[in-house]
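Colleague: Input sequences plus hints: build the corresponding full structure.
Line by line, the protein sequences are chains V and F. Its first residue numbered 1, the first sequence is counted upward by one per residue in our numbering. Its first residue numbered 1, the second sequence is counted upward by one per residue in our numbering.
These are computed hints drawn from the structure, not numbers from a lab. Nothing here was measured: the structure is a model prediction, and the numbers come from that model. Just so it is clear, CB atoms sit at the ideal spot from N, CA and C, and this is done for glycine as well. A portion of the hints provided could be inaccurate.
Said to hold, decoys possible - If you want the ones that stay clear, here's a sample from chain F, every Cβ over 10 Å from chain V, calculated:
1. P4
2. F35
3. K39
4. I44
5. L50
6. V65
7. V85
8. R89
9. M94
10. R95
What the hints assert, rightly or not - Below, computed lysine-lysine pairings styled on BS3-like, alpha-carbon distance capped at 27 Å:
11. K131/V to K61/V
12. K130/V to K174/V
13. K131/V to K39/F
14. K10/V to K174/V
15. K188/V to K61/V
16. K61/V to K104/V
17. K174/V to K188/V
18. K54/V to K39/F
19. K174/V to K131/V
20. K130/V to K39/F
21. K54/V to K96/F
22. K61/V to K98/F
23. K174/V to K61/V
24. K54/V to K188/V
25. K10/V to K104/V
Said to hold, decoys possible - Quick list of the computed label-pair ranges, beta carbon to beta carbon:
26. I91/F to N184/V: 26 to 36 Å
27. R32/F to S15/V: 51 to 61 Å
28. G61/F to I5/V: 31 to 41 Å
29. T43/F to F170/V: 27 to 37 Å
Chain by chain, the residues:
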Amino acid sequence: MFNLISGIDKTVFLSINQFAGVSPNFDRFIGLLVNEYFIPVSLSLILFGFWFFKNGESRLKNKKAAILAFISIIMVNLAINLIDLFFQRPRPFDIMTVNLLYYKPVDPSFPSNPAAVGFALALPIFWANKKFGIISAALAVLFAVSRVIAGVQYPLDVLAGASLGIASFFLVLKADFLVDPLFNLSLKIARNLNLA
Amino acid sequence: MATPDFILDFLIFSFVASLGVLQIFAIRGDRRYSFFRQKVSSTIFGSLLLIISYLWFFNSGQRNVRNLEGAELFIIFGLGSMLSVLVARVIHNMRKAKNV
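Modeller: Shown next as structure tokens:
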């Protein structure tokens, strides 16, 4: 069963990775999307802006989105570190010839950390504001897909990473006992610093 | 291993981009961080800062290399954005004092 899933995953990977190395402009575009700065920083900037956005009824919700994202990211990182202890999948470039558009990461391929972080950042934005949320979700999807096109991760890795990011957000959303004290504390500190 | 040049570049990028975002959002919310009184001026100025920061950062060097790791990225981004909040508040107060 594992071999069958792994085989399908490799076939899908090769069919997506074949788009790399065809057009220099497309490669440059993927090179921009795949790196650790462009999309994660863009999503973080939206959350940062939300802190100062609207003095109406959504004001607190916007601020809470930043706290939800922060806890979700801690959770996905803990989960990924735990998975890495038991299962270490080699990167595609370690076992076959691929069109590589990125440097060779040294951590295990499964699950995709960038995909998990992308979704853990995008979902709180979607929760607080649908308009920005749609843009953020699209960026998270592009971030995940670009990892496969760039040849650094398998489709299953990014699917697992995205699922982890989504699950982590919903768990955090339900965990009022954890989020509310942290949110109230952050708000208190922010008010003392004249930031809220 | 993070290089000092890269850290500085990322700090400047985080600072300028955060300042831009702050100008776009604060005029629609917490106006204590706005440089301008009009939405249009604030949005145009903020967007310019944002575009310039992205263009500069992604065109001034090779960014697809192993350098800053997750936690380092978070700390430097946090530092840059906090600095932008401080600078925005100071400039807002200076402009307000001048106008009074």
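Colleague: Against this structure, judge whether each hint is valid.
Modeller: How the hints compare with the structure:
no.: 1; hint: P4; verdict: holds, 17 Å
no.: 2; hint: F35; verdict: holds, 13 Å
no.: 3; hint: K39; verdict: holds, 13 Å
no.: 4; hint: I44; verdict: holds, 16 Å
no.: 5; hint: L50; verdict: violated, 8 Å
no.: 6; hint: V65; verdict: violated, 6 Å
no.: 7; hint: V85; verdict: violated, 7 Å
no.: 8; hint: R89; verdict: violated, 8 Å
no.: 9; hint: M94; verdict: holds, 16 Å
no.: 10; hint: R95; verdict: holds, 17 Å
no.: 11; hint: K131/V to K61/V; verdict: holds, 15 Å
no.: 12; hint: K130/V to K174/V; verdict: holds, 19 Å
no.: 13; hint: K131/V to K39/F; verdict: holds, 19 Å
no.: 14; hint: K10/V to K174/V; verdict: violated, 36 Å
no.: 15; hint: K188/V to K61/V; verdict: holds, 15 Å
no.: 16; hint: K61/V to K104/V; verdict: violated, 39 Å
no.: 17; hint: K174/V to K188/V; verdict: holds, 22 Å
no.: 18; hint: K54/V to K39/F; verdict: holds, 13 Å
no.: 19; hint: K174/V to K131/V; verdict: holds, 23 Å
no.: 20; hint: K130/V to K39/F; verdict: holds, 22 Å
no.: 21; hint: K54/V to K96/F; verdict: holds, 21 Å
no.: 22; hint: K61/V to K98/F; verdict: violated, 35 Å
no.: 23; hint: K174/V to K61/V; verdict: holds, 15 Å
no.: 24; hint: K54/V to K188/V; verdict: holds, 19 Å
no.: 25; hint: K10/V to K104/V; verdict: holds, 18 Å
no.: 26; hint: I91/F to N184/V: 26 to 36 Å; verdict: holds, 30 Å
no.: 27; hint: R32/F to S15/V: 51 to 61 Å; verdict: holds, 53 Å
no.: 28; hint: G61/F to I5/V: 31 to 41 Å; verdict: holds, 40 Å
no.: 29; hint: T43/F to F170/V: 27 to 37 Å; verdict: holds, 34 Å
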